[in-house]
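Colleague: Model the placement of chain V on the given structure of chain W, informed by the hints.
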Amino acid sequence: MREITYRQALNEALAEELERDPNVFLMGEEVAEYQGAYKVSAGLLQRFGPKRVIDTPISENGFAGLGIGAAMVGLRPIIEFMTFSFSLVAFDQVVNNAPNMFMMSGGQFNIPITFRGPNGPAHQLAATHSHAMENFYASVPGLKVVTPATPRDAKGLLKTAVRDDNPVIVLEAELLYSSKGMVEPPDEELLIPLGKAEVKREGSDVTVICYAQTVPLALKVAAQLEEDDISAEVVDLRSIKPLDERTIFGSIAKTHRVVIVEQDHPFCGVGAEICYRIQKNIFDALDAPILRVSQKDVPMPYNEHLEHAVLPNAEKLVTAVKQVCYA
Amino acid sequence: MQPVEQRDEVEMLSLMLLIRRFEERASQQYQAQKIGGFCHLYIGQEAVVTGAVAAVRPDDYVITAYRDHGHALARGTSANACMAELFGKETGCSRGLGGSMHFFDKRHHMYGGHAIVGAHVPLAVGLAFAIKYRGEGRVTLCFFGDGAINQGSFHEALNLAALYRLPIIFICENNLFAMGTSVKRSTSLKQIVDRAEGYDIPGEVVDGMNFREVRDKVAEVADSIRKESHPAFLEVRTYRYRGHSMSDPASYRTKEELEKYRLDDPIIRFRAQLTREGKLTNEQFDQLDKRAKETVLASVKFAEESPELPAEKLYDYVYFNGAKP
Numbered sequence: 000m001r002e003i004t005y006r007q008a009l010n011e012a013l014a015e016e017l018e019r020d021p022n023v024f025l026m027g028e029e030v031a032e033y034q035g036a037y038k039v040s041a042g043l044l045q046r047f048g049p050k051r052v053i054d055t056p057i058s059e060n061g062f063a064g065l066g067i068g069a070a071m072v073g074l075r076p077i078i079e080f081m082t083f084s085f086s087l088v089a090f091d092q093v094v095n096n097a098p099n100m101f102m103m104s105g106g107q108f109n110i111p112i113t114f115r116g117p118n119g120p121a122h123q124l125a126a127t128h129s130h131a132m133e134n135f136y137a138s139v140p141g142l143k144v145v146t147p148a149t150p151r152d153a154k155g156l157l158k159t160a161v162r163d164d165n166p167v168i169v170l171e172a173e174l175l176y177s178s179k180g181m182v183e184p185p186d187e188e189l190l191i192p193l194g195k196a197e198v199k200r201e202g203s204d205v206t207v208i209c210y211a212q213t214v215p216l217a218l219k220v221a222a223q224l225e226e227d228d229i230s231a232e233v234v235d236l237r238s239i240k241p242l243d244e245r246t247i248f249g250s251i252a253k254t255h256r257v258v259i260v261e262q263d264h265p266f267c268g269v270g271a272e273i274c275y276r277i278q279k280n281i282f283d284a285l286d287a288p289i290l291r292v293s294q295k296d297v298p299m300p301y302n303e304h305l306e307h308a309v310l311p312n313a314e315k316l317v318t319a320v321k322q323v324c325y326a
Numbered sequence: 000m001q002p003v004e005q006r007d008e009v010e011m012l013s014l015m016l017l018i019r020r021f022e023e024r025a026s027q028q029y030q031a032q033k034i035g036g037f038c039h040l041y042i043g044q045e046a047v048v049t050g051a052v053a054a055v056r057p058d059d060y061v062i063t064a065y066r067d068h069g070h071a072l073a074r075g076t077s078a079n080a081c082m083a084e085l086f087g088k089e090t091g092c093s094r095g096l097g098g099s100m101h102f103f104d105k106r107h108h109m110y111g112g113h114a115i116v117g118a119h120v121p122l123a124v125g126l127a128f129a130i131k132y133r134g135e136g137r138v139t140l141c142f143f144g145d146g147a148i149n150q151g152s153f154h155e156a157l158n159l160a161a162l163y164r165l166p167i168i169f170i171c172e173n174n175l176f177a178m179g180t181s182v183k184r185s186t187s188l189k190q191i192v193d194r195a196e197g198y199d200i201p202g203e204v205v206d207g208m209n210f211r212e213v214r215d216k217v218a219e220v221a222d223s224i225r226k227e228s229h230p231a232f233l234e235v236r237t238y239r240y241r242g243h244s245m246s247d248p249a250s251y252r253t254k255e256e257l258e259k260y261r262l263d264d265p266i267i268r269f270r271a272q273l274t275r276e277g278k279l280t281n282e283q284f285d286q287l288d289k290r291a292k293e294t295v296l297a298s299v300k301f302a303e304e305s306p307e308l309p310a311e312k313l314y315d316y317v318y319f320n321g322a323k324p
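These protein sequence lines map, in sequence, to chains W and V.
Counting in numbering that gives the first Met the number 0, the first sequence runs without a single skipped number right up to 326 at its last residue.
Counting in numbering that gives the first Met the number 0, the second sequence runs without a single skipped number right up to 324 at its last residue.
Honestly, the hints are just simulated from the structure, not real lab data.
It cannot be assumed that every hint is accurate.
[What the hints assert, rightly or not] Straight-line alpha carbon distances no greater than 25 Å define the calculated BS3-like cross-link-like pairs of lysine-lysine that follow:
id, chain 1, residue 1, chain 2, residue 2
1, W, Lys253, W, Lys38
2, W, Lys195, W, Lys179
3, W, Lys253, W, Lys219
4, V, Lys289, W, Lys50
5, W, Lys50, V, Lys131
Only chain W is shown next, with the shape it has when bound in the complex (with noise of 0.2 Å):
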């Protein structure tokens, strides 16, 4: 193991994968020449030449479609959108032509397609450019979501996200692109499977749900709870979807509380479709209801205080924490 950057695992997956299949390219705005906008496909257009490694013009629509469509007759494309709140304006192929395909065939074209690219609040961007698109693509029949927070788990669920025969949403944590952390060495071959969570810290007295940016801020806090005699255990989701179930009850039916700590908006969000399926499968196992730190549900403001105010913080985790654990 070495310590890397979230960057830089992102661009080992890439190479690895590009190196690995000849049917891999990726492509998007800036990802070749540029090297890319955040730097993640750093010198590989040096190595890959421009034939694997495409920049396009400011056209998400076209590119993601074209994406597409070069998946139909067997390529992996892996997309870049400079960030998801750009997906947008590409939802139509994210939506309806990329999961549709394979129902609307009748099984006879699978797409085997990777978007990616930063997502989620960064700092003071404001509404437009600060969007968490998880609940909206996981809420999507056909489509895979994952939320890596971390070095390795960025690198081994892009590589995974890549050798999927189905459409795969790999959600980048923008404010984590920095981060460092243990990852294995490059020679030896990292797969994350997609759909399955990760305790990233033991506790027996609550469960912390969290994934991408809000995985950094459960440890923190489940750190500073211990002063409190509060032990957290803190469950990455690592995908949204496939959603590992398993884990998730796993970890309630030793603790019996449950805090969800997600980065998007609280109405139809992340958080909402677990506590359902916690209340629904685990009822008995809960000795608190269930309490969810999201964003407010307003749009983006740029003013930094407010921006604070509307994001998850320690402060709001650690009083829905004490409040489920009648502390």
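Modeller: Below, chain V alone, put in the same frame as chain W:
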């Protein structure tokens, strides 16, 4: 690589007849409520797809919009599989899961059947991208209506195709109406083909009621593309006799206009050409027509007797590996 076959003209006329009789029967079965959803008929436009398909190889890629019955039949999908699809049966070309607007046939390189106007044009560009990526000599034929040319996806796709020099023929089947809106009311240009110029794509106008003109033009363009990859645009002027879909009485156009086009019917015209040249007798034509009607009638019986996909199998068609998330 499969070669371009020199398709027999009488055989192609017979294919046009099959499409015509299929659509007439589909219309009747729709009215009898055997067919659900939307149903857009191709009657009047038969020479366009028949001519285009006659000019290319069986393994070239074909993709179109929702008025797709003719395209599947022209590509070689059986009338049985097409009618069964309309009936929503498991034996349909999309197992009854796509319906009228979503005909797919991988074996015959028919890539749909796409129902969001303009949304398949980027897909077509992707098919062409794959051809060039793999260094194959194929060509993609992308059909769409005059309504699609004002959709953003169309413009993005044309720009991408021109930018990457992809092997694709954009075939605009201009039947003068996007649903009920005439081209005059939807499009700022005097003629649709001028859209191509804006993307530095060579474009030409073709008489879509003339089989030979369509075939020869598509053959010429496809040949040029196979020599050196590039996109091309054909505005093929045609006319649909029926409404936009089965629920449309087409009251936005005059009887006189319809009659004018009916007199220029692509099947009558092609028949007359072949007869004049001594390649077809009246008896032979009647025989072809009889055979087309019989094939279509048999397809209705086949569709009626075919099974439906059981609900237990629904999840087999969500993810490729069949797993329920």
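Colleague: Now look at each hint and say whether the structure bears it out.
Modeller: Now for the hints, and whether the structure bears them out:
| no. | hint | result |
| --- | --- | --- |
| 1 | W/Lys253 - W/Lys38 | violated, 42 Å |
| 2 | W/Lys195 - W/Lys179 | holds, 22 Å |
| 3 | W/Lys253 - W/Lys219 | holds, 21 Å |
| 4 | V/Lys289 - W/Lys50 | violated, 52 Å |
| 5 | W/Lys50 - V/Lys131 | holds, 10 Å |
Of the numbered hints given earlier, the model fails hints 1 and 4; all others are met.
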